[in-house]
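Enquirer: Fit chains B, C and D with the ligands to the known structure of chain A by using the hints.
Chains as they are written, first to last, in the working numbering: chain A, 73 to 205; chain B, 73 to 205; chain C, -4 to 361; chain D, -4 to 361.
Hints listed in this document are in silico derivations from the structure and should not be mistaken for laboratory results.
All of these numbers come straight from a predicted model, not from anything done at the bench.
We put the beta carbon where it would ideally sit given N, CA and C, even for glycine.
Treat each hint with caution, since some may be false.
Straight-line distance between alpha carbons at most 25 Å, and here's what the computed SDA-like set of lysine to any residue pairs gives [stated by the list, open to error]: (1) D:K254 to C:E207; (2) B:K82 to C:G103; (3) C:K254 to D:Q26; (4) B:K83 to C:W3; (5) A:K99 to D:D4; (6) A:K151 to C:Q237; (7) A:K151 to C:R136; (8) A:K115 to D:G55; (9) B:K82 to C:K178; (10) A:K151 to A:S87; (11) B:K151 to D:Q237; (12) D:K178 to B:T133; (13) A:K123 to C:L238; (14) C:K17 to B:E109; (15) A:K151 to C:E207; (16) D:K17 to A:C96; (17) B:K82 to D:A108; (18) B:K83 to B:E168; (19) D:K178 to B:P169; (20) A:K99 to C:L238; (21) B:K83 to C:T99; (22) A:K82 to D:G103; (23) A:K115 to D:W3; (24) B:K99 to D:Q240; (25) C:K254 to D:Q83; (26) A:K82 to D:T99; (27) A:K151 to D:G55; (28) B:K115 to C:K17; (29) C:K178 to A:T133; (30) C:K17 to B:P94; (31) A:K99 to A:E125; (32) A:K123 to C:S139; (33) A:K115 to D:Q26; (34) D:K17 to A:A117; (35) D:K254 to C:L208; (36) A:K99 to C:Q237; (37) C:K178 to A:Y145.
Distance windows between CB atoms, simulated [stated by the list, open to error]: (38) B:T163 to D:I175: 31 to 41 Å; (39) B:Q140 to D:E140: 31 to 41 Å; (40) C:E206 to B:Q112: 28 to 38 Å.
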Amino acid sequence: MEAPRHWRLKKQRYSLTGEVCPHCSAKIFPPRDVCPECGQEAKTAFQFSGKGEVFSYTAITDAPAGYQDQAPYAIALVKLNEGPIVTAQLTDLGTEPVRIGMPVEMVTRRIKDDGNERGVILYGYKFRPVMQG
Amino acid sequence: MEAPRHWRLKKQRYSLTGEVCPHCSAKIFPPRDVCPECGQEAKTAFQFSGKGEVFSYTAITDAPAGYQDQAPYAIALVKLNEGPIVTAQLTDLGTEPVRIGMPVEMVTRRIKDDGNERGVILYGYKFRPVMQG
Amino acid sequence: MLPVGEHWDLSLRTLGARAVRKALADSGNLQPDAIYIGNGLANILSHQANLGALISDEAGFPGIESCTFEAAGASGAAAFRAACMAVQSGLVDIAIALGVEKITECDGSTAQAAQDLILNYEFEGTNGLTVSAGAAIIAQRYLSEYHLDRSVFQNIALQSYQHAQGNPYAMYRNGITEAIYQKQPMKNHPLGLFDVSSLADGAAALVVTREELIPEESRDDMIRVLGSANAIAPLSLHDRHQLLQYRAASQSAASALRKAGLSLSNMDLLEIWDAHAIDVVLAMEAIGLAIEGEGWQTDMTTLSSMGGCLGRGNPLGASSAYQLVETVLQMRGEAGACQIGNLPKTAFVQSLGGLGSTAITHILGH
Amino acid sequence: MLPVGEHWDLSLRTLGARAVRKALADSGNLQPDAIYIGNGLANILSHQANLGALISDEAGFPGIESCTFEAAGASGAAAFRAACMAVQSGLVDIAIALGVEKITECDGSTAQAAQDLILNYEFEGTNGLTVSAGAAIIAQRYLSEYHLDRSVFQNIALQSYQHAQGNPYAMYRNGITEAIYQKQPMKNHPLGLFDVSSLADGAAALVVTREELIPEESRDDMIRVLGSANAIAPLSLHDRHQLLQYRAASQSAASALRKAGLSLSNMDLLEIWDAHAIDVVLAMEAIGLAIEGEGWQTDMTTLSSMGGCLGRGNPLGASSAYQLVETVLQMRGEAGACQIGNLPKTAFVQSLGGLGSTAITHILGH
Ligand SMILES: [Zn+2]
Ligand SMILES: [Zn+2]
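Isolated chain A, as found in the complex (with noise of 0.2 Å):
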């Protein structure tokens, strides 16, 4: 992922970083400029939990270039607790299989492998599993 980019999108990827309308009081995962509930104006930054549970999952086998040594891996949509859907892989998933519903909480890792692009290498949310204890 180019440098600029990858700067202006920092906060959303390693905190989850996203906005609360201060109209309706939607959270709003990624930001935007206009609250997609009540149709206002939107920029209160709001910090998500992190917490969740798989909406759904599907495995990728054939992954796209800077992915395939992550491969094969599970890509989710997770709804958080708060509300809004994150698309993520999923990670640490050991034996477990994926199900719909499973319990989920938010991990930093590393996400793509730049290879021979100039940029950064990137890292940001992947969900896993919430320990039992």
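Expert: Same frame as chain A, but now just chains B, C and D with the ligands:
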């Protein structure tokens, strides 16, 4: 340049093979389905002599990726003796300044260094001043 | 229309120009005022922008109007809709809608990566999602929500490959058996290899004009555009309020039918988007031909009658132009071995782009 | 309209959505039916296709119509022309034309390479040509044919940078002096650094509708589209019969004026394409404001009145939308320090794509 395209364009690049229109005798390069002079179908191969003159030109110092080891280089529209104009680099210029009207002839040279892109090294036509003598 | 497949020997400009000239010949040699080009990936795969000037000149028409339209899989339909609006506005007499895609210029992984650009790059693509994985995530949720298993996709896929057997322009013309389908490798669970369409080269074009400009002798072949609509939904799967509702598909279908003054029950032929088997299921539910959870139970006889994206092959930005051309052939009775029983008088053609984020619908009639 | 420049902190979707919302606010908060997006390079620079769904949803309008238009530098104008035809056809009531380009997502050499995609890749790009070198080759032939030297470009460039000084949305607002111009490094001889526009981020949008739908209180601000035309010429320089004739520019100008029922002498303001100084020279000759060999002698007062691509900066696919918005500001008397003396009643706006291979012209009036 990717392999399939390279294979398709080989004849045109290595030996300036174009077409002659069977209807109006116009010589055509690069080859195309429809004669640009009379609008009828043209598919008869025609071998250009590779002789021509500089129609216009400029110099490139800030070369694009894959061409940087050749910079600075002169690039020209060359009017072939048979009529068509082709876009090509000038080469073997020595100390002679390029000028409009300068007689030139085709040579085959390395066109592009593929760098870290996959694919073959690209050879094709360039033009050099016609030797006097 | 050119056969869908691997045209190693033809460049993008040649593919496009040939489809244009074939369509014009079919129209009784009308002279176009405009060529609208649907294309998705030439910038990446052919390193080529401004196809309007490149292809229109190559086809022999310097001086006319041209530009390129992109709406992912619906690009060709976007060009067709623009052609209809241009003619209807009175500003253009004769417009061509061309869909063209040149996939085989690059190795397969480059083409695959290019296809994935229809995802949200910043929040889907960079997290490792691919288009077919996105479709699989939708499919997984569908199966879970309605307590189904992946065998619900079998009928859709088998029928598409079976229809393609009679289509000389299709890429997969050998059909597949139940046994082969059931042994298929998974592409992205729960979607198997045969549930996901394959990219290939293709070009297809249509001529749009007013009735009185069509030469007398070609007028019998004329098909009318009765309605047209385009609608978008959030691009990213995570931004959709209801993942299993293809909202753009419902809105675009309803709006096109309303403009035509017709209802779905009037339609003799349905051309539905099947880049992934799940697309058919959700489109059927979205347009109202099935209730939620039952879109897979569809009778496929009059769906994707020439093989759809699965059987015909999927030349991305050109696929929706193929849908339209194939529908015209059916309505004229020129669909050969694919011809459906009764000559269809009306047809519903819907193209999706970007996992249902764009939907363009046309209603055609006699 | 957003300022042209380096918007490191804004993504493509944010740039586009903000311009859309600004235009709607200006229109008296009309609700759009369609957003047509002119963009050249998002596929390459932002790894993003299907901007229709991405940006329209981001702007707060899921469910409406949208798709992307590409015609090199004229992309925004192509979207605007489509908006006009959609409204005129009666199929759309309120359409937005947005031009948006995000250049600074990548390093400069990637953006440069992307810009070069408007050349014929197989026969120009792979032989090492770049866009500015192509313009220089045209310029060199021009100087040779008419026995001129490169000082003929000075007035055009100086005026553009001077006009940009009063434009708060322009990238270069310090002006340049004759002395600085004359000491400029060569970009590609005979074009110097100041004769070639610089790429930058930008987004500009316009609302197109029928008069009766505009709120009473906003109707005074309304500008009419009197004529519109798009024409192409061969993409490749080597395919042009007359290198020094911008054929697309002549055809498109003549056709737009004919539709408006007006002539050039009626025009109070001219917005001419100046991605390269030579483009202005040849456009002036092509549209008939100068005879061959004299296009450089133009009085520039009413040309590129807010700085053009040279002074304002060149956000490729968005530049032609900037031209249109700037013209509207002039006609409303809202051009601030750039305002020309007499409020223009009619204006001629021409955008070129691909070294003159595409030309889109609009005639605006009160
Ligand atoms: Zn809200
Ligand atoms: Zn001929």
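Enquirer: It remains to establish, for every hint, whether it holds in the given structure.
Expert: Each hint, compared with the structure:
no.: 1; hint: D:K254 to C:E207; result: holds (22 Å)
no.: 2; hint: B:K82 to C:G103; result: holds (22 Å)
no.: 3; hint: C:K254 to D:Q26; result: holds (20 Å)
no.: 4; hint: B:K83 to C:W3; result: holds (15 Å)
no.: 5; hint: A:K99 to D:D4; result: holds (22 Å)
no.: 6; hint: A:K151 to C:Q237; result: holds (12 Å)
no.: 7; hint: A:K151 to C:R136; result: holds (13 Å)
no.: 8; hint: A:K115 to D:G55; result: holds (14 Å)
no.: 9; hint: B:K82 to C:K178; result: violated (42 Å)
no.: 10; hint: A:K151 to A:S87; result: holds (16 Å)
no.: 11; hint: B:K151 to D:Q237; result: holds (13 Å)
no.: 12; hint: D:K178 to B:T133; result: holds (18 Å)
no.: 13; hint: A:K123 to C:L238; result: holds (20 Å)
no.: 14; hint: C:K17 to B:E109; result: holds (20 Å)
no.: 15; hint: A:K151 to C:E207; result: violated (57 Å)
no.: 16; hint: D:K17 to A:C96; result: holds (23 Å)
no.: 17; hint: B:K82 to D:A108; result: holds (24 Å)
no.: 18; hint: B:K83 to B:E168; result: violated (30 Å)
no.: 19; hint: D:K178 to B:P169; result: holds (23 Å)
no.: 20; hint: A:K99 to C:L238; result: holds (18 Å)
no.: 21; hint: B:K83 to C:T99; result: holds (19 Å)
no.: 22; hint: A:K82 to D:G103; result: holds (22 Å)
no.: 23; hint: A:K115 to D:W3; result: holds (18 Å)
no.: 24; hint: B:K99 to D:Q240; result: holds (22 Å)
no.: 25; hint: C:K254 to D:Q83; result: holds (16 Å)
no.: 26; hint: A:K82 to D:T99; result: holds (17 Å)
no.: 27; hint: A:K151 to D:G55; result: holds (22 Å)
no.: 28; hint: B:K115 to C:K17; result: holds (17 Å)
no.: 29; hint: C:K178 to A:T133; result: holds (18 Å)
no.: 30; hint: C:K17 to B:P94; result: holds (21 Å)
no.: 31; hint: A:K99 to A:E125; result: holds (16 Å)
no.: 32; hint: A:K123 to C:S139; result: holds (22 Å)
no.: 33; hint: A:K115 to D:Q26; result: holds (23 Å)
no.: 34; hint: D:K17 to A:A117; result: holds (23 Å)
no.: 35; hint: D:K254 to C:L208; result: holds (20 Å)
no.: 36; hint: A:K99 to C:Q237; result: holds (17 Å)
no.: 37; hint: C:K178 to A:Y145; result: holds (22 Å)
no.: 38; hint: B:T163 to D:I175: 31 to 41 Å; result: holds (35 Å)
no.: 39; hint: B:Q140 to D:E140: 31 to 41 Å; result: holds (32 Å)
no.: 40; hint: C:E206 to B:Q112: 28 to 38 Å; result: holds (30 Å)
Of the numbered hints stated above, those contradicted by the structure are hints 9, 15 and 18, listed in ascending order.
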